[in-house]
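Student: Fit chain B to the supplied structure of chain A, relying on the hints for placement.
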Amino acid sequence: MTSPAGGFGRVYRWLARAFPYEFRTICGDGLEQLGIDIAPLVWREQGIVGLARLLADVVVRLPVEYVSTWFERFKELTMADDLFEGTWRARNDKSSWDPKYTPEQACMRFEATDTGYLLVAYGIKDGQAVAERPTSITPDGRRRPIVDLNGRPIPGVPPGAVAFGTQPDPRTLEAGAEVDGKVLGKGTYRVSEDGSTLTVTTEGMGLKGPFKTMAVFERVVPDPYTPQAGA
Amino acid sequence: MTRKKPESFLPLKSNWFHILLSLVGGEQHGYGIMQDVLERTAGRVRLWPATLYGSLKRLIKEGLIVESGERPAPEFDDARRRYYKLTPLGQRVLDLESQRLKDLVRMLDARRRQEARS
Chain A
122 MTSPAGGFGR VYRWLARAFP YEFRTICGDG LEQLGIDIAP LVWREQGIVG
172 LARLLADVVV RLPVEYVSTW FERFKELTMA DDLFEGTWRA RNDKSSWDPK
222 YTPEQACMRF EATDTGYLLV AYGIKDGQAV AERPTSITPD GRRRPIVDLN
272 GRPIPGVPPG AVAFGTQPDP RTLEAGAEVD GKVLGKGTYR VSEDGSTLTV
322 TTEGMGLKGP FKTMAVFERV VPDPYTPQAG A
Chain B
329 MTRKKPESFL PLKSNWFHIL LSLVGGEQHG YGIMQDVLER TAGRVRLWPA
379 TLYGSLKRLI KEGLIVESGE RPAPEFDDAR RRYYKLTPLG QRVLDLESQR
429 LKDLVRMLDA RRRQEARS
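In the order they appear, the protein sequences are chains A and B. Heads up, the first sequence is in the working numbering, so the first residue is 122 and it goes up one at a time. Heads up, the second sequence is in the working numbering, so the first residue is 329 and it goes up one at a time.
Just chain A, with the same shape it has in the complex (with noise of 0.2 Å):
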């Protein structure tokens, strides 16, 4: 008796070939000839049983795996990797700012660093462009002086000054600063069960007195600053 296994290659082959080029690229060039590969020792070790699995392999995998990329791909789209990276933008409507600060527009940026995160915020204020100096958080429980990027003391900040950071959960970051363990200010930034919600709670001493704000932020997708595929 002739072995079928011959006469399947040339089944697994056009079967392979009658998805859409997308779905076999996915997979990479080499399936098509493992499958005909090893059609001879899947017949000689399981027989018909194996060859019907081995054509099953290939009809019911292809295409999970093309829908599986795809949603990926969405996923990536509307998702980082990490939950506080990237661009957020203010929803006033659903924002309670302190009247003293408040923003026509407001954007917040989390990149992640090292050791923790490089938050950038800006936005428009009374028709100006305004941005605060970038504040690197470590969210590490411990006390650190308070410094620019290049290590250097900041104007205006109280002499023995110092920052802290925590992160109580992966979706929450805790951050401020204190004087002589008297807090100035201290915010709590938490991402919601989507990623696709940041609520930012503040409240400290500013240039213009005590403020307290509530301000909810929603993801910019995709990130402006991330360089798309295909861009």
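These are calculated hints, taken from the structure and not from any lab test. C-beta: ideal position from N, C-alpha, C; glycine also. Please note that the accuracy of each hint is not assured.
Computed from the model, here is a short list of chain A residues facing chain B with C-beta under 7 Å [stated by the list, open to error]: (1) LEU152; (2) GLY156; (3) ASP178; (4) VAL179.
Tutor: Just chain B now, kept in the frame of chain A:
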């Protein structure tokens, strides 16, 4: 894009574990990986072609393996074959998964000893 931490891959998918384990000894092509897994598991685990190549693609995307640029001379092997090798991240993930499995077995043994004594 930020690279994931090794711990975030645990527990490792069974297919991924078998593939990474096959690459510990050095570079390997798809057919070689499939045969290695089959032999190592005494025929119990067969990575079918689409499943294998789907997993290889994902492992490359996650940075656990890379496609090797070096190819054997055509007279020694099929020039169409693609070879894969472990990255340091892949090695680290495999080490962590091995440790995790060892810990599980240790816990299981301790529990059994405890039950046997009582």
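Student: Hint by hint, say whether it matches the structure.
Tutor: Against the structure, the hints:
no.: 1; hint: LEU152; in the structure: holds, 5 Å
no.: 2; hint: GLY156; in the structure: holds, 4 Å
no.: 3; hint: ASP178; in the structure: holds, 4 Å
no.: 4; hint: VAL179; in the structure: holds, 5 Å
Of the numbered hints given earlier, the model fails none.
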